[in-house]
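**Q** So you can see what is in the structure, the chains are spelled out below.
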Amino acid sequence: MTLDDLDRAILRALSANADQSTARLGQKLGLSQPATWRRIKRLQDAGVIAGRRLMLDAEKVGFGVTVFLGVKLATKGRVSLEDFERAIGAIPEVQTVDHVLGLYDYRLRVVARDLADFERVLRRRIMTMPGVGNVEANVLLSEERRPGPI
Amino acid sequence: MLDDVDRRFLRLLQEDPACGVPELAEAIGVTPARLTRRLDRLRSDGVLRGSHIVIDWKALGYSVSVSLRITLDKTISRAFDDFIAAARAVPEVIEIQTFLGRVDVRLSLIARDLPDYQRIYREQVLTLPHIADIEALMTVATVKSDESLPI
Chain A
1 MTLDDLDRAI LRALSANADQ STARLGQKLG LSQPATWRRI KRLQDAGVIA GRRLMLDAEK
61 VGFGVTVFLG VKLATKGRVS LEDFERAIGA IPEVQTVDHV LGLYDYRLRV VARDLADFER
121 VLRRRIMTMP GVGNVEANVL LSEERRPGPI
Chain B
1 MLDDVDRRFL RLLQEDPACG VPELAEAIGV TPARLTRRLD RLRSDGVLRG SHIVIDWKAL
61 GYSVSVSLRI TLDKTISRAF DDFIAAARAV PEVIEIQTFL GRVDVRLSLI ARDLPDYQRI
121 YREQVLTLPH IADIEALMTV ATVKSDESLP I
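Line by line, the protein sequences give chains A and B.
Residues 1 to 150, numbered by our numbering, are exactly what the first sequence covers, in order.
Residues 1 to 151, numbered by our numbering, are exactly what the second sequence covers, in order.
Just chain A, same shape as in the assembly (with noise of 0.2 angstroms):
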């Protein structure tokens, strides 16, 4: 689909904060509520808007720890990807995993409570499952996401 100036706009702007309502979103972008409403049901129609998601203090939540993790599996051919796939993603503290190409098979992103839960999970959730093999771990200090190239 190509953008023009206003979607942009308002992919913008819902990229910052989706809780604001239609009205006052198309006031700010000089649009009546019902234009606005159109062009966003277009977007969400497309699957550009691909959904809507929480902002949560993690930390606050109870979540002080992130961790990314690059997991290879060690017995290639043998374990069933999609086995393995639908029990990692089952992991409650696991928050994404990506199929990847490099020097690891899999990128996940584990939460935990500290350091000795996020071992817990490691040793009797992630470790545990058939087939993983290296793990590199890197605590996460600080994160950003960016409007993208919109």
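Don't read these hints as lab results, they were simulated from the structure.
Wrong hints could be hidden among the right ones.
What the hints assert, rightly or not - List time: in silico DSSO-like cross-link candidates among lysine-lysine, alpha-carbon distance up to 30 angstroms:
hint: 1; chain 1: A; residue 1: K72; chain 2: B; residue 2: K144
hint: 2; chain 1: A; residue 1: K72; chain 2: B; residue 2: K58
hint: 3; chain 1: B; residue 1: K58; chain 2: A; residue 2: K41
hint: 4; chain 1: A; residue 1: K28; chain 2: A; residue 2: K41
hint: 5; chain 1: B; residue 1: K144; chain 2: A; residue 2: K60
hint: 6; chain 1: B; residue 1: K58; chain 2: A; residue 2: K28
hint: 7; chain 1: B; residue 1: K74; chain 2: A; residue 2: K72
Said to hold, decoys possible - So these bits of chain A aren't anywhere near chain B, every CB distance computed over 12 angstroms:
hint: 8; residue: D5
hint: 9; residue: A35
hint: 10; residue: E119
As the list claims (entries may be wrong) - DEER-style ranges, computed between Cβ atoms:
hint: 11; chain 1: A; residue 1: D57; chain 2: B; residue 2: Q118; range: 34 to 42 angstroms
hint: 12; chain 1: A; residue 1: M55; chain 2: B; residue 2: V5; range: 15 to 23 angstroms
hint: 13; chain 1: B; residue 1: T127; chain 2: A; residue 2: S21; range: 39 to 47 angstroms
hint: 14; chain 1: A; residue 1: L3; chain 2: B; residue 2: E123; range: 20 to 28 angstroms
Owing to the predicted nature of the structure, the values given are computational and were not obtained by experimental measurement.
Ideal Cβ placement from N, Cα and C applies to all residues, glycine included.
Given the structure of chain A, go ahead and fit chain B onto it with the hints provided.
**A** Only chain B this time, still in chain A's reference frame:
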């Protein structure tokens, strides 16, 4: 700090951030007025920081997604600040994270296709300041991406 009602409320809201106060109040079994007070408290305490839309970059023609793992030259005292400031100026960078570990900084980069990626990588990534080492992980498939917290 959070009680069970807060947790239930945040769990439901996390599943559907567009859900209205009346529906949430009914699901939890409190009055809308009491839920609104909780909502205000969670906002003012900084627990709840609003919501944002998720853009599917593939739908906009960005089919390539790469995770760049970067090690910086730490002999330079301003390495982190200089690098991050310059990385912010690359429009295709959609996430910047810093780490404690073998990797110092990670960039999430999107591109339209492989030639586009190669161009951005050569002209805009390799020219970023103070890079000691760089590794790329190319996303083949995203298996899970909801980023919800197990509250």
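**Q** Give a verdict on every hint.
**A** Now for the hints, and whether the structure bears them out:
1. For the hint pairing K72 (chain A) with K144 (chain B), the CA-to-CA distance comes to about 17 angstroms; that is within 30 angstroms, so the pair holds.
2. As the CA atoms of K72 (chain A) and K58 (chain B) are separated by approximately 26 angstroms, the hinted pair is consistent with the 30 angstroms bound.
3. Restraint check for K58 (chain B) and K41 (chain A): satisfied, since their Cα atoms lie roughly 18 angstroms apart, inside the 30 angstroms limit.
4. For a cut-off of 30 angstroms, the pair hint linking K28 (chain A) to K41 (chain A) stands: about 18 angstroms separates their Cα positions.
5. This hinted pair checks out: K144 (chain B) and K60 (chain A) have alpha carbons roughly 24 angstroms apart, not beyond 30 angstroms.
6. Proximity of K58 (chain B) to K28 (chain A) is assessed by CA-CA distance (about 28 angstroms); at most 30 angstroms being required, the pair is judged to hold.
7. Proximity of K74 (chain B) to K72 (chain A) is assessed by CA-CA distance (about 28 angstroms); at most 30 angstroms being required, the pair is judged to hold.
8. A cut-off of 12 angstroms between C-beta atoms confirms that D5 (chain A) is not in contact with chain B; the least separation is 15 angstroms.
9. At roughly 18 angstroms, the least C-beta separation between A35 (chain A) and chain B is larger than 12 angstroms, which holds for a residue marked as non-interface.
10. No Cβ of chain B approaches the Cβ of E119 (chain A) within 12 angstroms, the least distance being about 15 angstroms, so the stated non-interface status holds.
11. Separation of D57 (chain A) from Q118 (chain B) is about 38 angstroms and conforms to the stated range, judged on CB atoms against 34 to 42 angstroms.
12. Roughly 20 angstroms separates the CB atoms of M55 (chain A) and V5 (chain B), a value that falls within the hinted 15 to 23 angstroms.
13. T127 (chain B) and S21 (chain A) have their C-beta atoms about 42 angstroms apart, which keeps the hinted 39 to 47 angstroms range intact.
14. Look at L3 (chain A) against E123 (chain B): about 24 angstroms separates their beta carbons, and that is inside 20 to 28 angstroms.
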